[in-house]
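Colleague: Here is how the chains run, residue by residue.
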Amino acid sequence: MTLLSVRDLSVSFTTYGRTTQVLHDVSLDVPACSQIALVGESGSGKSVTMKAIMGLLSTPPARINSGQIFYDGEDLLTMPPARRMALRGTAMSMVFQDPMSSLNPVFTIGDQLGTILKYADRRLGRQRGRAGRRARVAEVLAQVRMREPERVAGSYPMQLSGGMRQRVLIAMALLSEPTLLIADEPGTALDVTTQAQILKLLKDLVEAKDLALLMITHNLGVVRETSSYVYVMHKGRVVEEAPTERLFAAPAEQYTRDLIAAVPRLTGPALTAATGEAARQGGGAP
Amino acid sequence: MTRPLLEAVNLAKHYPVKSPLGFKTGAVRAVDGVSFSIPEGGIYGLAGESGSGKSTIARMIMGLTTPTSGALLLGGRDIAGQAGRRAYRSKVQMVFQNPGSSLNPRRSIGQSIAVPLSGLSRRARAARIDELLGMVQLPASYARRYPHELSGGQRQRVAIARALACAPRLLVLDEPTSALDVSVQAKIIDLLTELGRELNLTFLFISHDLSLMRNFAEEVGVLYLGKLVETGPTAEVFARPRHAYTRLLLASVPVISDEEAALRPQVPLIDGEMPTAEQLIAMEQR
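Respectively, the protein sequence lines represent chains G and U. Numbering-wise, UniProt numbering puts 95 at position 95 of the first sequence, and it's gapless, one number per residue. Numbering-wise, UniProt numbering puts 98 at position 98 of the second sequence, and it's gapless, one number per residue.
The hints are simulated quantities; they were obtained by calculation from the structure and are not laboratory data. The structure presented is a predicted model; accordingly, all values stated were derived computationally and were not measured. Glycine included, every Cβ here is placed at the ideal spot set by N, Cα and C. One should not assume that every hint holds.
A few chain G residues facing chain U, derived, Cβ under 7 Å [as the list claims (entries may be wrong)]:
| hint | residue |
| --- | --- |
| 1 | Glu41 |
| 2 | Leu77 |
| 3 | Met79 |
| 4 | Ala82 |
| 5 | Leu220 |
| 6 | Arg224 |
| 7 | Val263 |
| 8 | Pro264 |
| 9 | Arg265 |
| 10 | Thr267 |
| 11 | Pro269 |
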């Protein structure tokens with residue numbers, strides 16, 4: 001069953017009297033419990049697509065010219081604002097890219113997560129007391145593998161490392177038990193060893209909790225590690241979509257081929273798919 | 001083997017840690033006993049994550065900070081005392097990570113490139129600017145443009161042209177492509193390779209991107225917490241990593257093919273805070 005379905009979405013921006021169309025008939029599907037990637041270079045429209053789905057586009061300057069975004073069969077663009085507010089941050093939630101600018105430096109992690117939970121509860125008409133919220137915050141912090149959830153809840157963002165902050169953002173997204181998680185370049189700001197941890201954590205969580213994951217990234221390596229189906233965006237259009245394995249094995253579009261060819265390989269220079277055998281035998285070592 | 005152009009001998013940089021009362025209580029060993037040498041015309045890569053000391057090494061080579069102990073030799077001569085001088089500056093130049101902030105927005109491209117050319121007559125300067133823009137494959141007309149009119153890749157080409165203006169022998173590249181899209185990155189790397197060959201330049205390439213390192217550097221040194229944990233020919237180090245940290249680093253790289261995945265050592269990813277190099281080795285032996 002399709003959980004999220006974007007149909008022929010067109011978005012334009014008007015600045016200083018000039019209108020530029022940035023999305024041209026973008027369509028994509030995220031089935032329940034699936035891991036989907038949306039990949040593109042800067043300016044491809046992947047972030048605008050994400051913002052349109054989450055309802056984060058400021059209008060104006062942006063304008064949704066046409067298209068629908070269905071979540072669980074309901075069109076997000078035509079539903080009453082209160083209904084959309086209730087879905088956002090609860091049923092569908094987001095993991096943001098930059099942990100430093102997504103956390104408030106003057107409140108503790110526990111305060112921030114507690115507040116988000118309080119308002120989410122209010123929107124959904126749930127009753128939960130202060131103690132209940134604190135317990136839930138500790139629970140999600142434990143889910144993102146924090147060894148001492150209570151201590152982390154009592155600390156300020158600056159007391160945590162980059163990787164721990166990113167895990168706090170994942171915990172934040174999990175607070176209200178979403179069915180769809182949209183991750184915008186998680187771990188990009190982090191070191192490669194920490195990024196690997198974060199991606200693994202995200203994948204484990206998504207699989208354990210039967211969540212759907214929409215991964216927005218510019219990194220083809222991240223696509224291969226975290227998704228089973230991929231949409232490639234270029235200049236505001238979806239230029240190719242395919243199961244992840246097939247996209248890398250046999251990219252159909254010239255743009256995708258060029259993009260894949262531009263990625264530096266761990267196997268070294270001048271080793272393409274054709275000479276993969278050589279790579280397996282020793283990584284191009286003399 | 002040709003003679004080394006740059007040598008680091010037991011290089012160290014310690015920063016004092018002061019208590020709130022101003023007493024010296026300890027030291028951060030940002031760089032701790034690092035030795036390597038780069039042959040004339042060679043490409044040496046320093047790989048490491050944040051806090052590994054790679055940028056501190058670059059700053060010491062550029063004469064922006066002085067080593068606590070140890071020495072840096074350029075062409076066999078200690079750079080201490082000469083690092084700030086014009087003669088030294090004309091031999092060693094640097095390309096920074098973000099061309100958006102390393103170019104003066106109020107200077108035209110031509111003016112930016114002309115800064116190191118103040119000794120030339122007006123006509124000779126204009127001819128040299130033309131020549132330099134040609135070297136980085138930009139049209140001569142770009143001399144009259146301003147940085148905001150250029151794309152990220154074009155700006156980085158300008159930064160390279162400026163670094164080449166005084167015909168240096170050593171170019172220090174500090175993450176020169178990490179702010180760029182992957183397709184643009186590939187072109188910049190091709191350009192640098194070509195320029196290096198044509199002008200017989202020596203490169204010190206600093207990056208956290210191991211796939212890129214594999215494709216560009218001839219020799220590589222892996223830095224971890226200020227110490228060089230492993231060094232050798234790039235193909236050799238990547239095919240048979242000897243240090244636990246190198247293995248962890250390689251295991252963390254997101255890759256796009258099975259050939260590359262097969263090259264990654266099977267080691268458990270670290271969960272939480274990064275251990276010291278000794279702890280890493282102990283963990284692997286367990």
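Colleague: So, for every hint listed, does it hold in this structure?
Modeller: Cross-check of the supplied hints:
1. Glu41: holds, 4 Å
2. Leu77: violated, 30 Å
3. Met79: violated, 36 Å
4. Ala82: violated, 40 Å
5. Leu220: holds, 5 Å
6. Arg224: holds, 5 Å
7. Val263: Constraint on G/Val263 satisfied, holds at 6 Å.
8. Pro264: Because about 4 Å separates G/Pro264 from the closest Cβ in chain U, which is inside the 7 Å limit, the hint holds.
9. Arg265: holds, 6 Å
10. Thr267: It holds, given that the least Cβ distance between G/Thr267 and chain U is near 5 Å, below 7 Å.
11. Pro269: holds, 5 Å
Of the hints listed earlier, those the structure fails to meet are numbers 2, 3, 4, in rising order.
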